Amino acid sequence: MEDTVAKNVGNDTEIKNQLKIQDLESQVLDLKVRIDELQRENSQLKRENNQLKRMPLFIAVVVDLMDNGEVYLRQQGNNQEYLTHVNDELYKQLKPGSKVAVNNALSIVKVVGNIFDSRVRVMELDESPDVTFAQVGGLKKEIEEVREAVEYPLTRPEIYERVGVEPPKGILLYGPPGTGKTLIAKAVAHQARATFIRMSGSELVHKYIGEGAQLVRELFMMARERSPAIVFIDEIDAVGSTRTNDGTSGSAEVQRTMMQLLAEMDGFDNRGEVRIMAATNRVDMLDPALLRPGRFDRVIAIPLPDRDARREILKIHSRKMNMKGVDLDTIVSMTENTTGAELQAICREAGMAAVRREASGVSQQDFIDAVKKVKAEVLVDTRMYT
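Anchor point for the sequence shown: position 4 equals 193 in our numbering, and the numbering is continuous, going up by one each time.
By construction, these hints were calculated from the structure, which means they are not laboratory data.
On a predicted model such as this, the values are computed, not experimentally measured, just so you know.
You may find that some hints are simply not true.
Calculated pairs, BS3-like style, for lysine-lysine (alpha carbon to alpha carbon, straight line, at most 25 angstroms) [said to hold, decoys possible]:
1) Lys562 with Lys509
2) Lys504 with Lys330
3) Lys561 with Lys509
4) Lys281 with Lys299
5) Lys504 with Lys562
6) Lys329 with Lys504
7) Lys564 with Lys504
8) Lys513 with Lys564
9) Lys284 with Lys299
10) Lys562 with Lys513
11) Lys288 with Lys299
12) Lys209 with Lys329
13) Lys561 with Lys513
14) Lys221 with Lys235
15) Lys221 with Lys209
16) Lys504 with Lys561
17) Lys509 with Lys564
Build the full structure now, drawing on both the sequences and the hints.
Here you go:
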């Protein structure tokens, strides 16, 4: 009996010891995990501490390379300009427009690749837009003038060299909204197989001094790197309106941005692989400096479509529709003084009317109702701004 009790007591002691050992092993594992976390945290703090101890670097742009090994730099942000000397190995890597990192002593530390502002990068569209001239109704004369100034210098430069004539440096399209100015620019880019970079003039108007001018510089730098390219500035009146002396800082900043735009346009070769286009609804607001020869050499009016053009536009936007007894000539007569965008809206509304009544095709009455609806919406929209 006593032997049995002693044996049971021994078993209990052994179980307790095993439990203690397991508990200690668990604590050791927890401590190891904690040590690993502390070591990682310590390494991170060391890296941050070393980063804080490093001398700050600033970004500058190479303006020009001097013959004696000196480099003419412009620092970004404050636009300060200065000369610095570099070694022969680094000098060979530099060229005008290169971005470099400089320290407090104004010495070049390394060459930085061209990193464009994210607002500039989103302006770049596909390398070649999928819009063709077949999608532009009418405007035969205007399209040919645009192609002569923008497309042919990129695709057939030998013609200009043979004749000995310089093509127009820039081209400005003006006319009412919705007449196809942007559509023409995309079609030209498609035909020339060029990178299409579109920006709005309002995107260049910023609060801080020099920010808009910096965006303009980066935009044209990106255009040079992506050449052949077409730079299309929509709503250019937002940044290119007639300069005034109202004394406000906002007006002064807009004028700085416009002067940078003028400088960039002056720096382009007429036969270069970057072509400049712009569009506006208010050509009367533009500063004369933009319209002088050497900048926008060709100013083209994009009018409202005439009868033949309206018929062509309606055919373009209704070519995929299943139409039943639709007389487009009647619709053309009802759509006098309408833009291409409104004609597209009419075709879309006619199709939606057929969908609404679950018909198998679009009828004449659907088009008539669509014309009335779009014209009523345009009338209401016009009254809101008068």
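Query - Agreement of Lys562 and Lys509 with the hint, judged by alpha carbon distance not exceeding 25 angstroms - result: holds, 22 angstroms
**Report entry** Pair hint outcome, Lys513 versus Lys564 [Cα-Cα no greater than 25 angstroms]
**Finding:** Holds. Lys513 to Lys564 sits at ~23 angstroms (cutoff 25 angstroms).
Query raised in the report: Would the pair Lys504 and Lys562 pass a check requiring their Cα atoms to be no farther apart than 25 angstroms?
Result: holds, 20 angstroms
**Report entry** 25 angstroms limit on alpha-carbon distance, applied to hinted pair Lys564 and Lys504
**Finding:** Judged against 25 angstroms, a Cα distance of about 19 angstroms means the pair holds.
Requested in this report: Take a quick look at whether Lys281 and Lys299 sit within 25 angstroms of each other, Cα to Cα.
Outcome: Measuring from Cα to Cα gives roughly 12 angstroms; hence the hint holds.
**Report entry** 25 angstroms limit on alpha-carbon distance, applied to hinted pair Lys509 and Lys564
**Finding:** holds, 23 angstroms
Requested in this report: With a cut-off of 25 angstroms on the C-alpha distance, tell me whether Lys209 and Lys329 pass.
Outcome: violated, 93 angstroms
Query raised in the report: Between Lys561 and Lys509, is the straight-line Cα distance small enough, at 25 angstroms or below?
Result: At roughly 22 angstroms apart (the allowed maximum being 25 angstroms), Lys509 and Lys561 satisfy the hint.
Query raised in the report: Is the Cα-Cα distance between Lys221 and Lys235 25 angstroms or less?
Result: Holds - the C-alpha atoms of Lys235 and Lys221 are around 21 angstroms apart, at most 25 angstroms.
Requested in this report: Mind checking the alpha carbons of Lys221 and Lys209 for me, to see if they're no more than 25 angstroms apart?
Outcome: holds, 18 angstroms
Query raised in the report: Given the hinted pair Lys562 and Lys513, is their alpha-carbon gap at most 25 angstroms?
Result: holds, 20 angstroms
Requested in this report: Take a quick look at whether Lys284 and Lys299 sit within 25 angstroms of each other, Cα to Cα.
Outcome: holds, 13 angstroms
The structure does not agree with numbered hint 12 stated previously, though it agrees with all others.
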